[in-house]
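K.L.:
Go ahead and model the full structure; you've got the sequences and the hints to work with.
Residue numbers (the working numbering), protein chains in the order written: chain A, 1 to 215; chain B, 1 to 145.
Treat the hints as calculated values from the structure; they're not laboratory data. Backbone N, C-alpha and C define an ideal beta-carbon position, used for all residues, glycine too. Mixed in with the good hints there might be a few duds.
Said to hold, decoys possible - Residues on chain A that point at chain B, a partial pick, calculated with CB under 8 angstroms:
1. Leu-54
2. Ala-58
3. Gly-62
4. Ala-71
5. Ala-74
6. Ile-107
7. Leu-109
8. Asn-139
9. Ser-143
10. Leu-144
11. Asp-147
12. Ser-150
13. Gln-151
14. Thr-153
15. Ala-164
Said to hold, decoys possible - Estimated spans, in silico, between C-beta atoms of each pair:
16. Pro-115(A) <-> Pro-6(B): 36 to 42 angstroms
17. Met-90(B) <-> Pro-93(A): 51 to 57 angstroms
18. Ala-45(A) <-> Met-23(B): 18 to 24 angstroms
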Amino acid sequence: MIVPLDLIIFAVLILTAVLAINVKDLLAAVALLAAYSLFASLLFAGVNAVDVSLVEAALGAGLTGVLFIGAILATSRHSMARRNLRRRYTMLPLIGAFLALMVYASIDLPDRGDPEAPAHLGVSQTYLRDSLDDTQTPNVVTSLLADYRSQDTLGETLVIVTAALAATLVLIRRRDDEYQGHAPSRELPLPDGDEVVADPYADDVRSADRRRRPR
Amino acid sequence: MTGAYPSVVVRVVCALLSPFILMFGLYVVAHGHYGPGGGFAGGVFLAVAAILPRLTLAEELSYRLVPVSMGPLMGGIGMLLFLAAGTVPMLFGGAFLDYAAVEVAAIEAARMRYLGILVVEVGVGLAVFGAMVTIFDVLMGRSER
Chain A
1 MIVPLDLIIF AVLILTAVLA INVKDLLAAV ALLAAYSLFA SLLFAGVNAV
51 DVSLVEAALG AGLTGVLFIG AILATSRHSM ARRNLRRRYT MLPLIGAFLA
101 LMVYASIDLP DRGDPEAPAH LGVSQTYLRD SLDDTQTPNV VTSLLADYRS
151 QDTLGETLVI VTAALAATLV LIRRRDDEYQ GHAPSRELPL PDGDEVVADP
201 YADDVRSADR RRRPR
Chain B
1 MTGAYPSVVV RVVCALLSPF ILMFGLYVVA HGHYGPGGGF AGGVFLAVAA
51 ILPRLTLAEE LSYRLVPVSM GPLMGGIGML LFLAAGTVPM LFGGAFLDYA
101 AVEVAAIEAA RMRYLGILVV EVGVGLAVFG AMVTIFDVLM GRSER
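P.N.:
Here it is, written out as structure tokens:
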């Protein structure tokens with residue numbers, strides 16, 4: 001951990017986050033979020049959390065951006081300007097109060113790497129000491145995730161698979177809705193579900209919506 | 001919305017990159033015992049290697065490389081692999097996910113846990129790969145009906 005480098009990365013993190021919220025072009029916002037994740041992974045690597053850093057770089061900077069781009073291609077590229085300023089001004093003090101509460105709570109936290117910290121006094125010592133003998137695995141993170149705490153990992157994997165199934169249930173277009181007269185009559189029938197009507201790289205991605213417009 | 005990207009540079013670079021990303025994903029899954037990563041990060045790399053051709057190459061090519069049915073199939077296989085790693089020790093009288101309970105001649109308990117971790121990592125990798133490819137396909141309107 002190098003303190004000046006960490007401070008610079010923190011500044012860049014806040015900058016990219018604010019820019020990602022304010023920018024009008026959603027593709028630019030996705031690129032900024034990917035940059036945010038990349039700098040966050042640098043921060044994790046700086047404190048020797050290499051596993052977390054790798055996942056953050058692969059998932060945050062890579063795949064999440066791709067899924068966002070997919071969602072943008074399927075909907076619209078431009079964000080809508082929010083006109084309701086009063087709501088924004090009521091939210092600001094709430095956010096400030098929450099921030100103050102978090103900072104106040106973080107004062108009590110033990111220093112990072114403190115050997116007397118509660119997290120370092122329990123079972124974690126046993127894991128660190130016995131992992132190599134128990135499982136022949138030099139990387140303690142892996143033996144923790146896949147052996148000592150494998151039920152947690154099972155739950156996480158189930159969550160991911162469930163998320164994919166839920167996304168399928170929400171987004172799938174059923175054939176009988178489109179082709180056999182069950183669709184609402186105001187919708188244009190699709191010639192073929194696999195055919196892409198809109199030009200994918202036209203300037204306005206919203207042209208993809210045209211095929212669903214009412215007659 | 002997917003399909004061949006107009007720029008040759010983008011197409012060639014992505015076509016060249018994706019097998020190497022696939023290779024790195026396999027490495028990360030298999031190397032979780034010794035280095036950073038493991039099933040989750042490796043599965044994400046595998047999914048990226050499958051999605052990159054879908055975004056940039058011609059549809060008939062990219063969907064022949066990794067068909068749409070691959071997503072749900074791999075997700076299910078990975079999940080079942082993980083559950084099998086949990087239930088097989090129970091057949092030997094151990095607890096759920098207690099790999100050391102499996103008794104195979106000439107393999108000591110610690111080595112068994114090492115192999116159990118490998119099975120779990122592969123299962124997680126396949127499940128994550130399948131889930132991510134499924135989400136992308138369904139988002140793009142390409143799905144098995």
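K.L.:
Could you run down the list of hints and mark each one as holding or not?
P.N.:
Hint-by-hint comparison with the structure:
For Leu-54(A), the suggested interface contact is upheld, since its CB lies about 5 angstroms from the closest CB of chain B, less than 8 angstroms. With a least beta-carbon distance of about 4 angstroms to chain B, the hint placing Ala-58(A) at the interface is held under the 8 angstroms criterion. A distance limit of 8 angstroms between C-beta atoms decides the matter here; for Gly-62(A) the minimum to chain B is near 5 angstroms, and the interface restraint holds. Satisfaction of the interface hint for Ala-71(A) is found here, the shortest Cβ-Cβ separation to chain B being roughly 6 angstroms, below the 8 angstroms cut-off.
The interface hint given for Ala-74(A) is met, as the beta carbon of that residue sits about 6 angstroms from the closest beta carbon of chain B, less than 8 angstroms. Of the supplied interface hints, the one on Ile-107(A) is violated, with its beta-carbon coming no nearer than about 32 angstroms to a beta-carbon of chain B, more than 8 angstroms. About 26 angstroms separates the beta-carbon of Leu-109(A) from the nearest beta-carbon of chain B, more than 8 angstroms, and the hint is not met. Look at Asn-139(A): its Cβ gets to within about 6 angstroms of chain B, closer than 8 angstroms, so that hint holds up.
Because the beta carbon of Ser-143(A) sits about 6 angstroms from the nearest beta carbon in chain B, less than 8 angstroms, this interface hint is met. About 10 angstroms separates the beta-carbon of Leu-144(A) from the nearest beta-carbon of chain B, more than 8 angstroms, and the hint is not met. At its closest, the beta carbon of Asp-147(A) sits 5 angstroms from a beta carbon of chain B; the interface hint therefore holds under the 8 angstroms criterion. For the restraint placing Ser-150(A) at the interface with chain B, the shortest Cβ-Cβ distance is roughly 5 angstroms, inside the 8 angstroms limit, so the hint holds.
Hint status for Gln-151(A): holds, given a least beta-carbon distance of 6 angstroms to chain B, under 8 angstroms. Proximity of Thr-153(A) to chain B holds as hinted, the smallest CB-CB distance being about 7 angstroms (cut-off 8 angstroms). At a threshold of 8 angstroms, the smallest CB-CB gap from Ala-164(A) to chain B is about 4 angstroms, leaving the interface hint in force. For Pro-115(A) and Pro-6(B), the Cβ-Cβ distance of about 58 angstroms falls outside the hinted range of 36 to 42 angstroms, so the restraint is violated.
Take Met-90(B) and Pro-93(A): their Cβ atoms lie about 55 angstroms apart, and the range 51 to 57 angstroms holds. Checked against the hint of 18 to 24 angstroms, the pair Ala-45(A) and Met-23(B) passes, with Cβ atoms roughly 22 angstroms apart.
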